[in-house]
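Visitor: Fit chain L to the given chain H structure using the hints.
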Amino acid sequence: MACISPDGKPTESGTKMLHALEPGFGSPEEIAEDTGLSLFRVRSGLRELAQAGLAKQKDDKYELTEKGTGLIG
Amino acid sequence: MEEIKEQVISLPRLGEPAPAFEAVTTHGLLKLEDFKGTWLVLFSHPADFTPVCTTEFIAFAEIYPELQKREVELLGLSVDSVSSHIAWTRNIEEKVGVKIPFPIIADLSKEVSLAYGMLHPGQSKTETVRCVFIIDDKQIIRTILYYPLTTGRNMDEILRIIDALQTADANAVATPANWRPGDMVVVPPPNTQEMAEERLKQGYECVDWYLCKKKLQSK
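Chains H and L supply the protein sequences, listed in that same order.
Take the first sequence: its position 20, counted from the start at 1, is 20 in this note's numbering, and no numbers get skipped.
Take the second sequence: its position 212, counted from the start at 1, is 212 in this note's numbering, and no numbers get skipped.
Bear in mind the hints are in silico, worked out from the structure with no lab data behind them.
Watch out, some of these pointers could steer you wrong.
Have a look at the derived ranges for each label pair, beta carbon to beta carbon [stated by the list, open to error]:
#1 11(H) <-> 172(L): 43 to 49 Å
#2 109(L) <-> 63(H): 30 to 36 Å
#3 60(H) <-> 51(L): 41 to 47 Å
#4 126(L) <-> 8(H): 32 to 38 Å
Here are some of the chain H residues that sit facing chain L, going by a computed Cβ distance under 8 Å [as the list claims (entries may be wrong)]:
#5 25
#6 44
#7 48
#8 53
#9 67
Think about it this way: if two alpha-carbon atoms lie no more than 25 Å apart in a straight line, the pair counts; the simulated DSS-like pairs of lysine-lysine are [as the list claims (entries may be wrong)]:
#10 58(H) <-> 138(L)
#11 36(L) <-> 69(L)
#12 138(L) <-> 69(L)
#13 61(H) <-> 36(L)
#14 9(H) <-> 67(H)
#15 16(H) <-> 58(H)
#16 16(H) <-> 36(L)
#17 215(L) <-> 16(H)
#18 61(H) <-> 31(L)
#19 61(H) <-> 99(L)
#20 16(H) <-> 99(L)
#21 36(L) <-> 56(H)
#22 31(L) <-> 56(H)
#23 215(L) <-> 69(L)
#24 58(H) <-> 31(L)
#25 58(H) <-> 36(L)
Don't be surprised by glycine CBs; every beta carbon is placed ideally from N, CA and C.
Okay, chain H solo, but in the shape it has when bound:
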């Protein structure tokens, strides 16, 4: 996993993406622009964050889950 460490904590890039989702729904393109990460990494990372229950997808956008908010709060 690139965004979640084996101990379950988000990596530096994972944390960046979670923070970028703090204001609300964000598309991969918006998150890539906010974080400066490559679009492919953001797409893959958001998928991982969603699998880990830290973010959830609705249509083309993502938002933080309660668990995700708790991690960066």
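Guide: Here is chain L on its own, set in the frame of chain H:
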């Protein structure tokens, strides 16, 4: 290492969608569709910790900023493990001072290699040959290059091809032999007698009606 017994039946072709994949990489699990909207250079190398491949990885890292300016991503591949890729790229950084900024697929199952025809048993029964697939932002294969195990790739040519393809797409033109950005481009040949006659009046530099060049307006 296990010998390759599978036979490649059909190779990807120019102008066709690039075969989809989901692969373990040094940057996590990546799918081809993650690269949609950007161009992609997918390339294979025979093996980690080998001399020619090391020079190529340094060279790919060196052109990475130029590729980024053209909205092109790089994705390497070999049948080595992620741990091997990590150890090798860390070794390159330690010994040569070059950080490898792009992901590398660990294709232990050979699924991606087989889908892209990267295994040529006549060259090696266990390693991928030096392939380059240039895939556009709509995930269509635009260029395929194969190099033998003994010959390292020419980065300048890879950049030149990308420039030529992007110029051709943006301006509906073609590029002549040895074309470089800034050189004249080839105007598509006319389809009718009338168009051929008009062509000669349009101020292009023409050898004859079928071979006309023009200068592109600089942006």
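Visitor: A separate judgement is required for each hint: does it hold in the structure or not?
Guide: Now for the hints, and whether the structure bears them out:
Remark: the range hint 43 to 49 Å for residue 11(H) to residue 172(L) is upheld by a beta-carbon distance near 44 Å. Restraint check, residue 109(L) to residue 63(H): a C-beta distance of roughly 34 Å satisfies the suggested window 30 to 36 Å. Range check, residue 60(H) to residue 51(L): Cβ separation about 45 Å, and the 41 to 47 Å hint holds. Restraint check, residue 126(L) to residue 8(H): a C-beta distance of roughly 37 Å satisfies the suggested window 32 to 38 Å.
Contact between residue 25(H) and chain L, as hinted, is not supported at the beta carbon level, the nearest pair being about 19 Å apart and thus beyond 8 Å. Contact between residue 44(H) and chain L, as hinted, is supported at the beta carbon level, the nearest pair being about 5 Å apart and thus within 8 Å. This hint holds: residue 48(H) has a C-beta 7 Å from the nearest C-beta of chain L, less than the 8 Å allowed. Against a cut-off of 8 Å between C-beta atoms, the interface hint on residue 53(H) is violated, since the closest Cβ of chain L lies about 17 Å away.
Taking 8 Å as the C-beta cut-off, the interface hint given for residue 67(H) is violated, the closest approach to chain L being about 20 Å. The suggested pairing of residue 58(H) with residue 138(L) holds, with an alpha-carbon distance near 23 Å, which does not exceed 25 Å. Our distance criterion of 25 Å between C-alpha atoms is met by residue 36(L) and residue 69(L), whose separation comes to about 17 Å. For the hint linking residue 138(L) to residue 69(L), the alpha-carbon distance of about 18 Å falls within 25 Å, and the restraint holds.
Of the supplied pair hints, the one linking residue 61(H) and residue 36(L) holds, its CA atoms being roughly 16 Å apart against a limit of 25 Å. Taking the CA atoms of residue 9(H) and residue 67(H), the gap is about 12 Å. The hint holds against a cut of 25 Å. The hinted pair formed by residue 16(H) and residue 58(H) meets the criterion: a straight-line CA distance of about 20 Å does not exceed 25 Å. Under the criterion of a C-alpha separation no larger than 25 Å, the hint pairing residue 16(H) with residue 36(L) is consistent with the structure, at around 22 Å.
For the hint linking residue 215(L) to residue 16(H), the alpha-carbon distance of about 45 Å lies beyond 25 Å, and the restraint is violated. In summary, the hint linking residue 61(H) to residue 31(L) is supported, as the alpha carbons are separated by about 18 Å, within the 25 Å threshold. Distance restraint check for residue 61(H) and residue 99(L): the Cα-Cα separation of roughly 32 Å exceeds the 25 Å cut-off, and the hinted pair is therefore not satisfied. About 21 Å separates the Cα atoms of residue 16(H) and residue 99(L), which keeps this hinted pair within 25 Å; it holds.
With a CA separation close to 21 Å, the supplied pair residue 36(L) and residue 56(H) stays within the 25 Å bound. The straight-line distance between the Cα atoms of residue 31(L) and residue 56(H) is roughly 19 Å, inside the 25 Å bound, and the hint therefore holds. Restraint check for residue 215(L) and residue 69(L): the C-alpha separation of about 23 Å stays at or below 25 Å, so the hint holds. This hinted pair checks out: residue 58(H) and residue 31(L) have alpha carbons roughly 20 Å apart, not beyond 25 Å.
Among the hinted pairs, residue 58(H) with residue 36(L) is consistent with the structure: their alpha-carbon atoms are about 19 Å apart, no more than 25 Å.
Hints 5, 8, 9, 17, 19, counting from the list given before, are not met by this structure.
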